[in-house]
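*Asks:* So you can see what is in the structure, the chains are spelled out below.
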Amino acid sequence: AQSVTQPDIHITVSEGASLELRCNYSYGATPYLFWYVQSPGQGLQLLLKYFSGDTLVQGIKGFEAEFKRSQSSFNLRKPSVHWSDAAEYFCAVAGSTGTASKLTFGTGTRLQVTL
Amino acid sequence: NAGVTQTPKFQVLKTGQSMTLQCAQDMNHEYMSWYRQDPGMGLRLIHYSVGAGITDQGEVPNGYNVSRSTTEDFPLRLLSAAPSQTSVYFCASRKRQGGQPQHFGDGTRLSIL
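Here the protein sequences line up with chains A and B, keeping their order. So in our numbering the end of the first sequence lands on 115, straight run, no missing numbers. So in our numbering the end of the second sequence lands on 1113, straight run, no missing numbers.
Hints listed in this document are in silico derivations from the structure and should not be mistaken for laboratory results. Please note: incorrect hints may appear among the correct ones.
Calculated cross-link-like contacts (lysine to aspartate or glutamate; reagent style EDC-like; alpha-carbon spacing at most 16 Å) [as the list claims (entries may be wrong)]: (1) Lys102(A) with Glu1030(B); (2) Lys1095(B) with Glu1072(B); (3) Lys102(A) with Asp1056(B); (4) Lys102(A) with Asp85(A).
Chain A stretches covered by chain B per the calculated footprint, using a threshold of three residues with CB under 8 Å from any CB of chain B [claimed, not checked]: (5) 44-57; (6) 105-115.
Beta carbons: idealized from backbone N, C-alpha and C, even for Gly.
Next up, chain B with everything else stripped away, as it sits in the complex (with noise of 0.2 Å):
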């Protein structure tokens, strides 16, 4: 089993460039989430998704778009990126059952410039 990936690992954007991030699991799990870690604060949840075609914000959705068209994918947009949204993203899955523990990807690293 791959797990939870992420691609790219590392990207850097000019401000105003869209991107997205792809998030891939293969443990056929309902939940998703992203979420963004920044330094001294922790790892924030920007959108969750508790199966194909449902979405829903986190703590921090400005600027940020996904959508779940798959069980397996989940990718998060930035329509119009922001030096702001320099940051480390990582793609979490679980399984439906409130509690069960989260597995995470490896992380993308993105710079705006």
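Just chain A, same shape as in the assembly (with noise of 0.2 Å):
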């Protein structure tokens, strides 16, 4: 079974600091990979997706995260955070075979950025 691990609940950064938010996954195939933010109160909103080809993908919002295969990771960067940032952030992966594949998700990592 698909699953995926988020080691860090919680993460402090100060504004204009660089960011990376850890992602491991475990499936047996190549998978397709998501990063979703979350702000308080509101839905899921996708930052980038990984399918194939070109291992380092770029999202909205200054965002972008890099898929390493051998070591079953999908880490979110930013080089530079804002206060808007402030959000839980959440790593999902779908199965690549079928249309039923199904999304799941990590536990998310809590974002909080001091001025």
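The two chains are supplied separately, each in an independent frame; assemble them into the complex guided by the hints.
*Replies:* Quick look at the structure:
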């Protein structure tokens, strides 16, 4: 069965500092990988996705993520964090076979940004 | 486009009451799903549907029923609410092709007393 691990429950960074959120997945083949962001009281918004090809993926709001097959990782990065980036971030994996492939989420990482 | 619309946004029930959470999408997406979000547990799949007339169970289906009579609507029913069903519920939809990103509604916050 597929699974996702986000080892950091809570991260605090200063505004302007760089950010890296960790994500490790388990899946038997090449998966579809996603990062979503959730602001308080809101639904989930897609930041970026990886299907195949270039392992460095660019997303919205200046975020990027790198797929590393050898490490089963898909870490999210941002060079300079803004106060508005404070939110909860979810990594998710979907199977690459069949139209009914389900999305499995990690437990999330809450980002706090200090001014 | 409204995207994925969930109603109501908030609801308080008593144990044993029944209720239906509504979900509608206007993107002609074949695949729809329901998740519940609990602190420290991420989102867990309750039920999903790959098209009208077809539904299947997810990770945590007990206590919930679904049906899919149209492409647009995917209601979630709690037949006899229990305090353990206190949660935030999200509906999502996507195109049928594997790996397509899901679009989420804003959620329904449900409290069972």
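*Asks:* Does each hint hold? Answer for all of them.
*Replies:* Verification of the hints:
| no. | hint | result |
| --- | --- | --- |
| 1 | Lys102(A) with Glu1030(B) | 14 Å, holds |
| 2 | Lys1095(B) with Glu1072(B) | 12 Å, holds |
| 3 | Lys102(A) with Asp1056(B) | 11 Å, holds |
| 4 | Lys102(A) with Asp85(A) | 28 Å, violated |
| 5 | 44-57 | holds (count 5) |
| 6 | 105-115 | holds (count 4) |
Of the numbered hints listed earlier, the single one contradicted by the structure is hint 4.
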